Amino acid sequence: MRNLVILFLLSTILFSQLTEISGYVESEGDGFIIGSPQYFGYNKLRLDLDAYPTDALTIKASISSKLFWGKSEWSFGDFMPVSEELASTTYTISDTTNIDFLYSQLDLEWMHLTIGKQPLSMGGGFVWNPTNIFIQKDLLDPSYELVGINSFRASLPINKSELDIIIQPNDNLESNIYSAFNTNLFNHNLSLVGLQMNQIELNEEFSEESSKVLGLGFSTVGEIFGLGIWSEYLLKSDINFDNPQNEFVIGGDYTFDFQTYVMLEAFHQDNGAEFNTAYNDIDLLNYVAGNTKALAKDYVFGMLKHPLGEYSSISLSGIYNYSDNSYIAIPQVDWNPIDNLDLMVSIFKSVGSEKTEFEVQNIGGRLRMRVYF
Amino acid sequence: MRKFYSTIFILMLCSTKLFATELTADAILDSMNTVMSPENSKATMKQVIVTTSGRERIFEYEYYSGNKGKNLLMRYIKPKKVKNNAFLIANNGDDITVYFPRTRRTRKLASHAKKQKVQGSDFSYEDFSGSESWKEDYTVKLFESSNKNLYSLEFIPKDDIITSYSKMQILVRKSDYYPTELKYYDDKGIHHKTLFLEDIRVIEEFPTAMAMRMVNHIEKTETRMEILDITYNITFDENFFTERNLKKGK
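Chains A and B, in that order, give the protein sequences.
Heads up: the first sequence runs through residues 68 to 440, numbered per the working numbering.
Heads up: the second sequence runs through residues 902 to 1151, numbered per the working numbering.
Pulled out of the complex, with its shape left as it was, chain A reads as follows:
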């Protein structure tokens, strides 16, 4: 079925006179010491197809294939501080071909409509976005592109503001609904958010349970005294308002005259896992499954970045888990030696006592090369 879709998509778009094809090839190699040194990586092809049948209509599709190499059989204990019973549970990763995006967009003067598997990014947070109920970023690589979400999105301009409505239908038609009123207030971008979502969580028997959750929140991006400042807040609860939960992010950034850039972001979630001497397996699996924004309650992310010449930069970023006192530090060099080529080298150094979130990996490294075409 998937091949048919791809064939249809390719043939439709390739024969259009107004098609643009671009993409990239990305190769990544990773090495970590997990007891003993482990090596793995992938080669990825990403193909982006854009077509513009009329001025008001846009069709976009992205297909990616990933071929993995190296270690393919993983156990939960390789990357999570799970209990010994769960640590030896294994799974195998295999090559994938996915349609990352497939959507059409209609731009009218009074409405913008997007239907299909589309990228959804919202909220001011760099690493964490409490108001994004659709997808989460990779904690160790928050700026990496995310796959699309099958949804319907309508944006209605109202003077200089906008009403944004996103509906993600589920198989039981209990849709995730996000609505936001986006405006500008005192030179700050402000989004007032109301949402409904199906929260999925694992129960004690490790089976999924779904419950309807309502949420109210906001997101701001602006500046105070020359500092870039952003915040994001979500209050969510079940329909009876029995168990209200808060999630928030606050962050700031600054560029010094000597071009060094510094960023700090703090995140809190009431429903984060408790850490005493270890985390509960259920909490760990909920996090890995993407059912929670993060594992623990409180985190701080920091980044320091400085350009080295015109096309390279050196940075040091880190995430500190305030709840279990563990952290991971990531020094990284980015280099763009010629047009359309990105190189990235990073090292991951984890520090924490036994069974903490970042204790498992010890030390690792990553080399990534991306060639755009």
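Treat the hints as calculated values from the structure; they're not laboratory data.
Given the structure is predicted, the values throughout are model-derived calculations rather than measurements.
Note that the Cβ used here is the ideal one computed from N, Cα and C, for glycine as well.
Take these hints with a grain of salt, some might be off.
[To be verified] In silico negatives: residues of chain B with every beta carbon more than 12 Å from chain A:
| no. | residue |
| --- | --- |
| 1 | E940 |
| 2 | N941 |
| 3 | N968 |
| 4 | A1011 |
| 5 | S1032 |
| 6 | K1036 |
| 7 | E1045 |
| 8 | S1076 |
| 9 | H1092 |
| 10 | F1107 |
[What the hints assert, rightly or not] Here are the simulated DMTMM-like pairs of lysine to aspartate or glutamate, each with C-alpha atoms no more than 25 Å apart in a straight line:
| no. | chain 1 | residue 1 | chain 2 | residue 2 |
| --- | --- | --- | --- | --- |
| 11 | B | K1059 | B | E1033 |
| 12 | A | K204 | B | E1033 |
| 13 | A | K133 | A | E152 |
| 14 | B | K979 | A | D145 |
| 15 | B | K947 | A | D145 |
| 16 | B | K1121 | B | D1028 |
Fit chain B to the given chain A structure using the hints.
Chain B alone, transformed into the frame defined by chain A:
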């Protein structure tokens, strides 16, 4: 009607030229803004960045300017890596929003980000903001120029203005009030960059620098910009300089 306005415009230029020796700095700045800030423009630009090692990096982008340079939208066309990356500079540089097409994310930049280089070039976001607000934002003084065909203006930012420059010096042609050179001084008063405006031609009645060169005297680098095509005969609808339109790369 258009011809009528052109005639008035030329007459105004000629009349100010007659009294050139008595002009004040503010009057010269007003005249410069008149010739520098057509109501709207659309251009395709080529940007060549000469790195410290002498290598050249070439970018191409679309450039849209509206409301006399108050609003600006730039969208990269080449190379593939940055295609459809775009930024919007609104309200004379007070509001900068960047757009990343791979994540379809827009981000409002705080004023500190104006200092950042745009795609590794010698231009910062701040350098792209229009000159319309300079009269309010700077104290302008007129100085003797060693070249009798040029006015020399000095711009000192007022206390409440956030800028990475402590001073700008601009050389302006007496013949048509078009600038030929802008010198930027950093917060320590060191001459940091110079923008040369070259190959000045009259396009649709407006003097236009078809080539610009920003020389960074500290880092010994240079960025050249060439106008590949330009028109001033264009109008934009009211939603053109908005975040929504920023996302619409083609």
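Do the hints match the structure? See the list:
At roughly 21 Å, the least C-beta separation between B/E940 and chain A is larger than 12 Å, which holds for a residue marked as non-interface. At roughly 19 Å from the closest C-beta of chain A, the C-beta of B/N941 stays outside 12 Å, upholding its exclusion from the interface. For B/N968, the non-interface assignment is confirmed: its Cβ lies about 15 Å from the closest Cβ of chain A, beyond the 12 Å cut-off. The claim that B/A1011 lies off the interface is violated: its Cβ sits roughly 3 Å from the closest Cβ of chain A, which falls inside the 12 Å cut-off.
Every C-beta of chain A lies more than 12 Å from that of B/S1032, the closest at about 22 Å, which supports listing it as non-interface. Distance to chain A confirms B/K1036 as a non-interface residue, since its nearest Cβ pair spans about 22 Å, more than 12 Å. The claim that B/E1045 lies off the interface holds: its Cβ sits roughly 31 Å from the closest Cβ of chain A, which is beyond the 12 Å cut-off. For B/S1076, the requirement that its beta carbon stay farther than 12 Å from each beta carbon of chain A is met, with the minimum near 36 Å.
Every beta carbon of chain A lies more than 12 Å from that of B/H1092, the smallest distance being close to 15 Å; the non-interface claim holds. At the 12 Å boundary, the C-beta of B/F1107 stays outside the reach of chain A, the nearest C-beta of that chain being 28 Å off. For the suggested pair B/K1059 and B/E1033, the alpha carbons sit about 15 Å apart, so the restraint of at most 25 Å is met. In summary, the hint linking A/K204 to B/E1033 is not supported, as the alpha carbons are separated by about 41 Å, beyond the 25 Å threshold.
Between the alpha carbons of A/K133 and A/E152 the distance comes to roughly 31 Å, so the proposed pair goes past 25 Å and is violated. At most 25 Å may separate the alpha-carbon atoms for a hinted pair to count; B/K979 and A/D145 exceed this at roughly 42 Å. The suggested pairing of B/K947 with A/D145 is violated, with an alpha-carbon distance near 50 Å, which exceeds 25 Å. As the CA atoms of B/K1121 and B/D1028 are separated by approximately 18 Å, the hinted pair is consistent with the 25 Å bound.
The structure does not agree with the numbered hints 4, 12, 13, 14, 15 stated previously, though it agrees with the rest.
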